[in-house]
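*Asks:* Chain A is already provided as a structure; the job is to place chain B on it using the hints.
So the protein lines, in turn, are chains A and B.
For the first sequence, position 256 matches number 256 in the numbering used here, and the numbering has no gaps at all.
For the second sequence, position 182 matches number 182 in the numbering used here, and the numbering has no gaps at all.
Derived from the structure by calculation, the hints contain no laboratory data.
Treat the hints with care, since some could be wrong.
Any copy, or any two copies together, can satisfy a pair, since identical chains are not distinguished.
To be verified - Here are the simulated EDC-like cross-link-like pairs (lysine to aspartate or glutamate), alpha carbons at most 16 Å apart as the crow flies: (1) Lys318 x Asp179; (2) Lys363 x Asp304; (3) Lys318 x Asp304; (4) Lys267 x Asp115; (5) Lys267 x Glu134; (6) Lys34 x Asp203; (7) Lys267 x Glu148; (8) Lys124 x Glu95; (9) Lys318 x Asp334; (10) Lys149 x Glu134; (11) Lys267 x Asp157.
In this text the structure is predicted, and so the values were computed from the model without any measurement.
There are 2 protein chains.
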Amino acid sequence: MNRPHSMSFTSITSPTLLLNSEIARANIRRMAGKCRDLGVGFNPHFKTHQSREVGEWFRAEGVERITVSSIVMAEFFADAGWDDITLAFPANVREMDRLNALAQKVKLTLDVISDTAAITLDQKLQHSVRVMIELDAGYGRTGIPAGEKERISRILDVIDASEKLSFYGFYIHAGHTYDVRGRASVAQIHDQTLGALHRLKADWLGRYPDLKISMGDTPSCSMLDNFEGVDEIRPGNFVFYDVTQAEIGSCGYDDIAVALAAPVVSKEPQRREIVVHAGAIHLSKDTVIQDDAVRFGRIAMLRDIKWDAPSDGCYVRKLSQEHGIITLSQEIFDQLEVGDVIAILPVHSCLTADCMGGYLTEKGEYIRMLNWRR
Amino acid sequence: MNRPHSMSFTSITSPTLLLNSEIARANIRRMAGKCRDLGVGFNPHFKTHQSREVGEWFRAEGVERITVSSIVMAEFFADAGWDDITLAFPANVREMDRLNALAQKVKLTLDVISDTAAITLDQKLQHSVRVMIELDAGYGRTGIPAGEKERISRILDVIDASEKLSFYGFYIHAGHTYDVRGRASVAQIHDQTLGALHRLKADWLGRYPDLKISMGDTPSCSMLDNFEGVDEIRPGNFVFYDVTQAEIGSCGYDDIAVALAAPVVSKEPQRREIVVHAGAIHLSKDTVIQDDAVRFGRIAMLRDIKWDAPSDGCYVRKLSQEHGIITLSQEIFDQLEVGDVIAILPVHSCLTADCMGGYLTEKGEYIRMLNWRR
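So here's chain A without its partners, still in its complex pose (with noise of 0.2 Å):
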């Protein structure tokens, strides 16, 4: 019901995610290039964009295995003719039927961080699967810790004892590099993370010769070369970028590929500020820290069907839920009346896609995203 009229970006008449696909494919081709040169797998997470044809411009480049964050996403991608499908979210074991019907269709990887789901998994599972033991070498969300030497243990002797389960390798998720700012920090602690890696590998190799390394944030992935006794990465984020990774230095702001079309609805003078039809179920709460001030996105003004690099000074300051409230510097208020439209770059593009469910694309065609919500 959001779609618009015509394929002008300026035409759009209610909150509509704009893509450029051109960005987009040039992002997905300039980590798939960078991948080949360094002899690294390449299996993207696809939590970001969930959506089929995104999907194919990743098969052009090459890629034929992903990622995935739920069982919902990996069914919608299995029926999309995805074939090789690695569900990086810990086992639920709640959802053994659906688990089920997806190994019988796919080559499936599932991410094992406790021998209680490790046991499930062996008892109820009906095909095989492949098990990755997810770590955390300091990103303090999931994954055992890599000192844990006795809790991976446990895992693998339930994995080598099951006919079902075959292990995969360790998986790493170093998230924390999402707190940082530029290349430096960024490398240090992806050097940090191959060095827990590295030990875990040698640890283990003797058992599992043939044991595979998975890493992949956007951050390192994007700026960083040493992939060193990395087998493959699996980064989502860089498809799209957003303000958290230009600010980190991953990309820059040309780099974006997605932006936020909002209506005018009001003019503040007195606050140098603009009211538009943009809130939190639009573009998501998410923040950044920019000039030691929470922000909720920054604006650019859309031009037909391009928008212009970030205007200075201008930011979302809050949003409430079909509000936004956007202060601007006075070169750009002076420019802007009610009734016009402009656009708000993400603070995180894979939020607020999940808000908005599709996206208009600069050749006027409305993409839509894996519908999870029905």
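*Replies:* For chain B alone, coordinates are given in the frame of chain A:
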């Protein structure tokens, strides 16, 4: 696709928004009764639940007029048989075709805060609508600062000269009650707001003897009884309430009608934390400050078709796209295993509901919401 296999809340397999219909209906009944007792009109905001079925629970309490915050929500409820709808969001003049279609079908009240919008509406509307002017009495989101009489006057001049527009009255949302805690602080903001409204009413009552005063933040409407000079209230969140409202003092924790059921996928004894499948895409990233820390939800144990009171010392510490990281007390940590399911009381039920797109009730019914994304 997230619908569970049976009606017990503890049997769900994937993230599911639970709705206790008895609590919600009691919340509606209480607010409707208060309006009757005070002799104040009730024009509830439907942005929180966005559901036909929940709308019928309001109708059963005598509600005939409703408020929404987008054109797509107005269209949805018009299709559901509501014929007196207030669109409490500054009129988006890019949506004239849809506004015209809606104005033909229902008695429509629009929110106007600029003469630019008023002029466009007058020129392009084909049917009569009522106009309310939104005022800002200190919240700083939308609305004309209550002291800007000239700006108000310019809009009223356009309305008076128009054959399509008729003036309904002034509308105010004192959203800054969300930033304080406790009845006394909410009452202080409410009294300031009432004061501003009374001054305005005095200024304009001579020219518009029938002008209405409309207001309605959930904290004021839940906790206070002084609505002198107010013609109608339009709270929305009270139908479900949430952790934020409980912390403000608008409700007790046992008045919260929704909770997100989340499967436990990992236990981390060193951190006394669990990982659940319930992330930013399910809960939203809205936050509340509790014990001087940023939190994303509170935790309750599930019992068949109910949830317990929230457990002390248990809260959502961190959210990523699909992961929820939950810190627990030792007592609760010891009771939970991988494969269990817990309830998360949301920080902001409006956003969590919009993220999830539907509800499972204790009667085993799945209630769908407006699917604005398609």
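*Asks:* Look at each hint and say if it fits the structure.
*Replies:* Verification of the supplied hints:
no.: 1; hint: Lys318 x Asp179; verdict: between (22 Å within a copy, 13 Å between copies)
no.: 2; hint: Lys363 x Asp304; verdict: within (11 Å within a copy, 51 Å between copies)
no.: 3; hint: Lys318 x Asp304; verdict: neither (27 Å within a copy, 39 Å between copies)
no.: 4; hint: Lys267 x Asp115; verdict: between (58 Å within a copy, 11 Å between copies)
no.: 5; hint: Lys267 x Glu134; verdict: between (50 Å within a copy, 13 Å between copies)
no.: 6; hint: Lys34 x Asp203; verdict: neither (29 Å within a copy, 69 Å between copies)
no.: 7; hint: Lys267 x Glu148; verdict: between (57 Å within a copy, 14 Å between copies)
no.: 8; hint: Lys124 x Glu95; verdict: within (11 Å within a copy, 53 Å between copies)
no.: 9; hint: Lys318 x Asp334; verdict: neither (21 Å within a copy, 40 Å between copies)
no.: 10; hint: Lys149 x Glu134; verdict: within (13 Å within a copy, 62 Å between copies)
no.: 11; hint: Lys267 x Asp157; verdict: neither (65 Å within a copy, 19 Å between copies)
The structure is inconsistent with the numbered hints 3, 6, 9 and 11, although it conforms to all the rest.
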